[in-house]
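So the protein sequences, as listed, match chains E, R, Z and V. Just so we're on the same page, our numbering is the position in the first sequence counted from 1, plus 18. Just so we're on the same page, our numbering is the position in the second sequence counted from 1, plus 18. Just so we're on the same page, our numbering is the position in the third sequence counted from 1, plus 18. Just so we're on the same page, our numbering is the position in the fourth sequence counted from 1, plus 18.
By construction, these hints were calculated from the structure, which means they are not laboratory data. Just so you know, not all the hints are guaranteed correct.
Identical copies look the same in the list; a pair holds intra-copy or inter-copy alike.
[To be verified] With a cut-off of at most 20 Å between alpha-carbon atoms, the simulated EDC-like pairs for lysine to aspartate or glutamate come out as follows:
(1) Lys238 - Glu298
(2) Lys57 - Asp178
(3) Lys39 - Glu235
(4) Lys59 - Asp315
(5) Lys39 - Glu254
(6) Lys107 - Glu118
(7) Lys39 - Asp315
4 protein chains.
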Amino acid sequence: MIKDVFNNKKRESAEIGFGTKNYNESVRFLNQNGTVNVKRKVSDKHIGFDLYHWLLGINWIQFFLLVFVSYVVVNTLFAIIYFLIGADKFGGLALGNDSENFYQLFFFSAQTLTTVGYGHIFPNSVLISTVSSIESMLGLMGFALVTGILYGRFSKPKADLQYSTNGLIAPYKTISGFMFRVANKKQNELIETECQVILAINNTETKRRDFHFLDLERSKINLLPLTWTVVHPIDENSPLYGVKETDLNQRDAEFIILIKSITDTYFQTVYSRMSYKYSEMVWNAKFIPMRQKPHLDGSISINLNDIHTFEKMSGNL
Amino acid sequence: MIKDVFNNKKRESAEIGFGTKNYNESVRFLNQNGTVNVKRKVSDKHIGFDLYHWLLGINWIQFFLLVFVSYVVVNTLFAIIYFLIGADKFGGLALGNDSENFYQLFFFSAQTLTTVGYGHIFPNSVLISTVSSIESMLGLMGFALVTGILYGRFSKPKADLQYSTNGLIAPYKTISGFMFRVANKKQNELIETECQVILAINNTETKRRDFHFLDLERSKINLLPLTWTVVHPIDENSPLYGVKETDLNQRDAEFIILIKSITDTYFQTVYSRMSYKYSEMVWNAKFIPMRQKPHLDGSISINLNDIHTFEKMSGNL
Amino acid sequence: MIKDVFNNKKRESAEIGFGTKNYNESVRFLNQNGTVNVKRKVSDKHIGFDLYHWLLGINWIQFFLLVFVSYVVVNTLFAIIYFLIGADKFGGLALGNDSENFYQLFFFSAQTLTTVGYGHIFPNSVLISTVSSIESMLGLMGFALVTGILYGRFSKPKADLQYSTNGLIAPYKTISGFMFRVANKKQNELIETECQVILAINNTETKRRDFHFLDLERSKINLLPLTWTVVHPIDENSPLYGVKETDLNQRDAEFIILIKSITDTYFQTVYSRMSYKYSEMVWNAKFIPMRQKPHLDGSISINLNDIHTFEKMSGNL
Amino acid sequence: MIKDVFNNKKRESAEIGFGTKNYNESVRFLNQNGTVNVKRKVSDKHIGFDLYHWLLGINWIQFFLLVFVSYVVVNTLFAIIYFLIGADKFGGLALGNDSENFYQLFFFSAQTLTTVGYGHIFPNSVLISTVSSIESMLGLMGFALVTGILYGRFSKPKADLQYSTNGLIAPYKTISGFMFRVANKKQNELIETECQVILAINNTETKRRDFHFLDLERSKINLLPLTWTVVHPIDENSPLYGVKETDLNQRDAEFIILIKSITDTYFQTVYSRMSYKYSEMVWNAKFIPMRQKPHLDGSISINLNDIHTFEKMSGNL
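This is chain E alone, in the form it adopts within the complex (with noise of 0.2 Å):
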């Protein structure tokens, strides 16, 4: 091959942060809910793990589940100290056999570790004193840990777009272009939408790992009420100029998008991460028009389930 058919006239040596190793297998950098498919490691372990940043991270079910497991845990560790320092150093507790002062012991613990303190069962020794007097400040801590992570995992700001599940190689003006359509999932507004679109491909002459970044007809938009097609024009600066289907997939191509927005809940910045490998390009095909339905009081409405519907067209490119 003389001359490799991606060219990239306008930047060199254009990378993102992936290197340009070529591994000669299939990669994918960006998984399709934007995680970046990289581990790090130190001696082979994964690194700097975040229990912050892992606790925003699980679902709302995990994290019940968690915090109820934890009550259960703590509550039966310290049950089991009461119960080895002797439930006769209780005042109010019913003595019976092992397993009756043993739950009494349990809800005792859980009385002191959620501060209820019913006093019905009490403390009667300074050994045992002690132990519960460090289990209600624990219990408080406790629980300021979890105020402080149901906080944050509130107020975590957030992209949640909904992208259409194919990018298109679609008709555009008098020639072709990449498209793909992106929509806000939640009830806010982002505002000052911004998006890039690098194409991540083989090189067969350098054995490198290319990054292009594709230039789009609009890269930035003020508000996303609606849906926004985002259309890379694929004229002769396109790095896709002249490029065919079976060139993408030999090449292992990767059309990475990144956008960047402000949600208007906290106007904070986010970030979201989507990439489209080659197998989930259509070619030849548009994206059917959404119905944009307007109401008596002038307020307009779209049904987002619509975004990923695409027609194929017939003929060739």
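Knowing the structure of chain E, use the given hints to seat chains R, Z and V on it.
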């Protein structure tokens, strides 16, 4: 009509996210309170209900009512559970008829949920102890939630701007201009306030909706201690040049205002939106200057009630 | 006077938000602590009282006093309600004369509000139980509020800058310059600090107030570990070129300082404002360089007390 | 020496905030952990002690130890107050000798501070009730504080970067370059990472300290999933052009690294600082490329332990 009276000399196909569809009916993109007049749905259901966003948005009366009602409902539910297990499983409870027992269980629940736990009534069986230990934990979780939401409501950055009720087409220097006034309604200061004005209007030629960014005499202001009269001079580069009042009405004109600023409470960037429909425009009128009273201590005071007042002018523009 | 001595060669009709009205009296736009000297009112009442903003602004003594007084007041109110319902509706209360009953009810209220709930006194009627269950809920809500405000006070980003008491007109290279010094009063570091200086001055020709942005020798600094001497060189492009001390006084001059920076506690952008009125300017003096002591460990120390010190120079500028 | 070997062809009098004083001793502006090596004092006392900043900065063991010690100290203080008022003023307290009474009062205090309030011991006088109602309020305030600080510690944005131990002067294309490597130590992703490199060096001619901003081959990177080798090419425009290792040593050279990025936990901007003193520079060596292992699922993994490894090269630069 051979040539469209509205010309857009500088930009082509400007768009701010509302699409260029001409609905052939009068639509309003932005409500006067700045909310976007578009409803996004999935299969005709409203999409992405965001509890936190909603809890931040309701007013204080609604919020406290919601907390109070939730408190009563949760206590009633737990009282029913305790009642079904049996009022005789409690210590310290003065057994009576069903309603007497129920009200005591209801208040035991309240004392458990808030962790006040007087203890004159206390759980006296494994099942009751289990339920009450879950209730006290849920109580702490619930109030953790309320703490977070209260903080979120308080710390939510907001541009609380007072816009003049009307936009004016007023004399400006030797020509005329589109004008409106804006001021800060809060005690804090707004820093580096920026304004964009966009005219949305039906194009009779292309049968689409055009968006014209209007050049402003001044688009950024360092501080906003007084009022700011935002002015778009209608010179020969303006799409409003030579346009008459009836043109605006026939074309379903909407002046969209986008303001960006920084509050000095938390130094956060805030955004405000507003729009003037053609029916809210007043032609050939000018704003009456705000009285700025200097005081003996060197300070200045203004009255925001005066922001709306204008006077009609004799003659034509 | 034929020509105004202050010339503004580069910008026309600069304004920073204070309007260009000449008040014919001495006004001060910015107080020395950076607060804006403008009062916005609605119908002569102060506008938009923002409780949260106020609670963040008061000092720590006022804040804790407020919490304490609220605590006493709320307990007194609830004690009155309990008293009116009847002290005999409580269990465990040692009935005595009215004042003995009242103080017990007051402390019952405190034990309910804080959810400590010892339980030696407990509600023994539906009405009392209802009121006390409301009180304990309000207690939790109140302390949720206090938690949020405490966090808000702590986490509020702030540029705590030390400005030199005086601005100087000092020799600078072969000409002279307007100068002041600024340093960080806190332990944290300030990053990417930017400064703007604006001269506000009455224009005797137009009878308006002019705003001149003054060019700085350096307007941005990467770090601010030591002090920064901000310098406006008075060259032929400066509005201060050829101006004398009496000119500044007669024209009610005010040098407005706007500083923007990033703290490295939370990496938040912070703003600081200050102004020097003509009476705070010293002519023909220069700052005495700060002693920067290097230590054996390679570190350097400075004494911020020295930031204000200058020496008068002999001769004229 | 007739001409300074370090030339700064593009900028004049660059400065980043450390001043240009030549201390005639070896100073280090930035410690290797990125803290600034300057001590600001007022009258020889350390200035502006910021409790919150300090509480965010200490490690977790110190933090929990501090909470625990405070808890014990506060309880001891209140126990002393209760003891001085009189142990006989309590209900339910088993009166014994002084130490027996004291330990019961200590635990009563703990039960009051945490609001667990079992109630087997309860206040039985106006004075005791007053003190204990203050204590329970302080308890809630204290734990409100701890909640806020815990959240602050967790949500504090941080760039946790791994820098290579050494900076290298390595071959780069046909010339040589200053290089170091950096990677993200945490699980989250860093977005839009920017880097600035400044060479601080004594100027033998002017007897001042010069700051040279070094041009980088690439100064911004979209994502940082792998490692980034930051390179300053030593071409004829570089102040390092023709410079030898001994020059750097004699001039007390320090390479100051300023990195700015955005974490995708909260999408907050974070800053990281580092410096290489001349003694941490290795001449004529090159970094060994990191192994990037592709996996069957298309993901890639790296080992951060390898970031420091370089090999010395034979011959001279």
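Here's how the hints hold up against the structure:
1. Lys238 - Glu298: Classified as neither; 24 Å inside a copy, 30 Å across copies.
2. Lys57 - Asp178: between (24 Å within a copy, 16 Å between copies)
3. Lys39 - Glu235: between (30 Å within a copy, 18 Å between copies)
4. Lys59 - Asp315: between (57 Å within a copy, 17 Å between copies)
5. Lys39 - Glu254: neither (27 Å within a copy, 30 Å between copies)
6. Lys107 - Glu118: both (15 Å within a copy, 15 Å between copies)
7. Lys39 - Asp315: Only across copies: Lys39 and Asp315 sit 17 Å apart there, 56 Å inside one copy, limit 20 Å.
Hint check: violations occur at hints 1 and 5; the rest are consistent with the structure.
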